[in-house]
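Novice: Construct the entire structure; sequences and hints are all you get.
Protein chains: 2
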Amino acid sequence: MKFYDCKTAPSPRRVRIFLAEKGVDLETVQIDLGKGEQFSDEFRAVNPDCTVPVLELDDGSRISEVTAICQYIEDLNPEPALFGSSPEERARVSMWNAKVEQLGLSAMMDAFRNSAKGLVDRALPGPESYVQLPELAERGRRRVSHFFERLNNQLADNTYVAGDNYSIADISAMVLVDFAGWIKIGIPDDVEHVARWYSDVSKRPSAAA
Amino acid sequence: MKFYDCKTAPSPRRVRIFLAEKGVDLETVQIDLGKGEQFSDEFRAVNPDCTVPVLELDDGSRISEVTAICQYIEDLNPEPALFGSSPEERARVSMWNAKVEQLGLSAMMDAFRNSAKGLVDRALPGPESYVQLPELAERGRRRVSHFFERLNNQLADNTYVAGDNYSIADISAMVLVDFAGWIKIGIPDDVEHVARWYSDVSKRPSAAA
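Protein sequences, first through last, are from chains A and B. The first sequence begins at 1 in my numbering and counts up one residue at a time. The second sequence begins at 210 in my numbering and counts up one residue at a time.
If you're looking for bench data, these hints aren't it; they were derived computationally from the structure. No residue lacks a Cβ here, since even glycine has one placed at the ideal position from N, Cα and C. Just so you know, not all the hints are guaranteed correct.
[Stated by the list, open to error] Quick look at which bits of chain B chain A covers, simulated, 3 or more residues with Cβ under 8 Å:
| id | segment |
| --- | --- |
| 1 | 274-280 |
| 2 | 292-299 |
| 3 | 344-353 |
[To be verified] Looking from chain A toward chain B, a few residues come up when the C-beta cut is under 8 Å (computed):
| id | residue |
| --- | --- |
| 4 | Leu57 |
| 5 | Ser61 |
| 6 | Ile63 |
| 7 | Glu65 |
| 8 | Tyr72 |
| 9 | Leu76 |
| 10 | Arg90 |
| 11 | Ala91 |
| 12 | Arg92 |
| 13 | Met95 |
| 14 | Ala98 |
| 15 | Lys99 |
| 16 | Lys117 |
| 17 | Glu128 |
| 18 | Leu133 |
| 19 | Leu136 |
Specialist: Have a look at this one:
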């Protein structure tokens, strides 16, 4: 297998943390998004959507999208279970991972990509060009703040994002918190449960990935 | 189990089709999104994110998010497999389901919610209010067109969205095509493989769900 990574980007970091938790070490190719290497003809043949991460399987086929890659790693390396164990826990993990993506990470992507000076006409990842919308940057910031409150309510009653056990939903949410720091959105003072949880998950060795 | 549905909405329709393919019949509660029933105190206790679908499990816990609900149904009713069988096929299904959601359905939601007369200040689902952005409606239409081309390339070489077998990715993509019809985005004339596939999947009895 071969892992197409970008060591500075949030999405492939989710996979790197997942691999570290599993103790899986893969041959890795760095794609420098800052230099636009994702738009090269060579990389378009790997992923026509011009995004990382991508996992190249031993049969030569390629899998993109973070959750799909992590699920494949989990299928081949079931322990420790990071997608949940029982059907009920698996459902909670899948639900929370989706909420972090849709309510948190996509809002943060809107906030960042619609305001970064280096991303004019690159408001969305992928091969097409889209202009930045300042209103979308502002809306994204507001949505991230709302999501921190939502997450705080969940973490008031739960050790981890999806319940009693550390899971891919914690990885996604920790990467969101660090990504939000890029544009100076910190954990608000009044969301104490997020602060407790973030301090906890950040101490895991995998957080350095 | 109890299924919170809205018979007119695209997201819960994905679950209804999934249930029909599985031959699973659930006690169903209709939430009328047009009347704002998702914002009632009663429903907020079911899902604080004020969205359908929601599945209430026998232990009283609630699962929202389409893919999480469908995965739970699959775990309890493995046949026919709609998330793939081998790890490789499961990864392809998860990847394509994610691509349909992120590149197709979220673009379509932008196009619809930012232009519908009945959704002023409701540009996003959920408890908070967000103003409509006309540029986002226009961008969404453009993205849906691009996604139809992307899907066409995939279906040129594959019977179904994720390969040889019908899966949840086909359900998501078929619902996208029908949702796009709400704002008169039809399948473009030059994406013949999407047209062939759509004609095929639409004839399945589950498509009536």
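Novice: Report the numbers of all earlier hints that the structure fails to satisfy, in ascending order.
Specialist: 16
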